[in-house]
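Q: Chain by chain, the residues:
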Amino acid sequence: MVEKKTASMKRKRAIGNAVTYLVLILMSVIWLFPFFGLIMQSFRSYDKAVEYGGMVDYIIPKHFSLDNYKFLFSGETNFLLWYRNTLIIAVCVAILQTIVILCVSYALSRMRFKGRTFLMRFWLVLGMFPGFLTMICLYFLLKQFGLTQAGAVPGLILISVASSGMGYYVCKGYFDTIPASLDEAARIDGASRARIFFVMTIPLSKPIVIYTALVAFMAPWCDYVFASYVAFGYDKSYNVAVALQRWIWTNDYQGYFTRFCAGGILIAIPVTILFMFLQKYYVEGVTGGAVKG
Amino acid sequence: MEKKKINPVATAFGALGRDLKELGLTFAEGDWKTRLSAVIFGFGPLMRGQIAKGLAFLSCEIGFILYMVFVGWKYLSKFGTLGTVETTKSRRVTVYGDNSFLILLFGLLTIILIVFLILVWRMNMRENRDEELILRKGGHLPSNRKVLGSLLDSNFDKTLLALPVTGIFVFTVLPILFMICVAFTNYDKTHQAPTNLFTWVGLANFRELFSFGSTGFGKTFMAVLLWTLVWAFFATFLDYFLGMAVAILINRKGIKFKKLWRTILVITIAVPQFVSLLYVYKMFANDGLVNGYLLKWGLIKSAIPFWTDPMLARITIIVVNIWIGIPYMMLIATGLLMNIPEELYESARIDGATPLQMFRSITLPYMLFVTGPFLLTQFTGNLNNFNVIYLLTKGQPQSMKLAGNAGQTDLLVTWLYKMTVNDTNYKMAAVIGIMVFVVTAVISLIVYNMLPSVRDEGGFQ
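In order, the protein sequence lines correspond to chains F and U.
Just so it is clear: in the first sequence, position 66 is 66 by our numbering, and no numbers are missing.
Add 1000 to the 1-based position in the second sequence for our numbering, that's all there is to it.
Simulated from the structure, these hints should not be mistaken for lab results.
For every residue, glycine included, the Cβ atom is placed at its ideal position computed from N, Cα and C.
Misleading hints may appear alongside valid ones.
Here chain F is said to cover these stretches of chain U; the calculated rule only asks that three of the stretch's residues, wherever they fall, bring their Cβ under 8 Å from a Cβ of chain F [unchecked claim]:
| id | segment |
| --- | --- |
| 1 | 1153-1165 |
| 2 | 1376-1389 |
| 3 | 1416-1423 |
| 4 | 1434-1442 |
Dumping the calculated BS3-like pairs for lysine-lysine here, alpha-carbon to alpha-carbon at most 25 Å [as the list claims (entries may be wrong)]:
| id | chain 1 | residue 1 | chain 2 | residue 2 |
| --- | --- | --- | --- | --- |
| 5 | F | Lys-280 | U | Lys-1253 |
| 6 | U | Lys-1258 | F | Lys-10 |
| 7 | U | Lys-1259 | F | Lys-280 |
| 8 | F | Lys-206 | U | Lys-1259 |
| 9 | U | Lys-1418 | F | Lys-143 |
| 10 | U | Lys-1253 | F | Lys-10 |
My request is simple: use the sequences and hints to build the entire structure.
A: The following block contains the structure:
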């Protein structure tokens, strides 16, 4: 009797597992298909003598060619410049934003000062306003310092970093989990707050530092709104998102679609690799952030 | 658990009253240095050897006076009208008049700085009072070195927060206040600074937003708002439950390569959205891959209008968003599911519960309890989810029925963006921005008070 029951349960489990595998394989195909298409089409030539560079109804190119990649590196477009702009913005924002967030989080987590709760509530309310609302005003402010059009790259870094203090939630949540008794012990030994911050708290928070920097690094690659507005019409200050977006919206017969695919691949590969390497920290960050809200 | 009721108004007035009383004492009991400090900031501390503090106060005052003389007053005096002198052209030479934009911006800044100066003045008086009290008791004032050193120790928060707070003030607070003011002006295409002036119009823009006539924004606003809410609802909850389901599937006992499955899904987070979403947009286009294959295989006769049919476009957007949203939720759910004690499931299994029952009475309540605040932030984030909508459809298909160039898939934020960039209709953009804030704030307040984890901390044991 008992044996029979376990046997039927076993079979049930086996069927369940088979269904699960089927679902997972199906999902993997759906998830990977667009990227497969992206890679394949980046190898389709835009040269009319070879193949059509617009939209086609087949996925594997008839002739594999590197024309799109050659085009990107040839200097016919400013692709390398756009790439460099984005990289500069991403690196600077990652470093500066991490510093700002660490400072704010430490102050809010460890110190008790007048106006602390007011500051946190005030920032919470500020965060409910849509970001683009302030676009024209920010544009004007940047223009005063000559940080639009030709100076768009430092300008974009400035606006990304300036308001980043409001994104302290995840990091503060992490600091809150470091026992306060550690701080107290160090203070009894005569260490100042600044010393504790630099020598103890930051080294202890390596995962959250990496998470913060990673998120800050990835955002500029997608920044379209502010980047297009601040660099308005000045080709040399574009970042990749703004520049490649133009290619997608061109007419199909101009054949920029495959060139977009190639550019997209060149952008996606380094960012994706970096993300996969630091995935562990990312998961830790989002999970911690989700639970604490 | 009866909470003591606190009346915030009464508390505020009480605090103000105490403050005024203390201020009176400062003057009544203070010496001439303290009294002179009311006019010359930091005079008292300087005379008592507190050079660092004294100089800080004094430089605030000098800086403020210089600002008022050279910049502030010029703009503040015109703040009521936002300028009266038009820019004119005489003999091909442009004679610039008032610039309403600058008047509004710097007028606001000046008002804020005046409030700020009053606060500094109050701090300055309190500092005098504290110093006098210490000296009267026969104590010693801290040395300048100690005062400065405290910025790295007991006052370290001021050092840490100085730059971030200033940055947020200049690049977030001031612009938001500016745009709130713009909502009460007629700043638009025909009133562009510096060529034209714009001026205060009271609530006219809000009246336009809620006017349901043939030209009014009322119908469009309601349509866009409704779609924004529907979108946020589906984008949040579909992703939430499907993501959780996938996490449970991968967590199942006996499933191999757990890490591989997760890595495959996570790829949509790793690849920059503008690459993946723009490609997906092209994939579902009328002449794209999906339609191409379906036509070739003879499954359909004519291309499916994924992006050009309003209803279909909305559904496609939500489905594509699942593609992006599931992995994110899966990561979070994976970590949380492991926290549920295994014994709960064991005992349920012994009682003969089916997997569905276990999910409904163990997994779901736990997850909802733990991720309540997260769901709320997801929801408000989706209300403002610019990237997905703009990269996929740009808010299109366009419709004649909608005013202000709104498209059928426009969210409030993408509509706001279009108004700012394409139509330069700043006044209505500002009004929409305020409405987004109102919607977000109302939903947050209501939901936050309903959350089980807020109402009943530690309720899930």
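Q: Looking at the structure, which of the earlier hints fail to hold?
A: No hint contradicted; all consistent.
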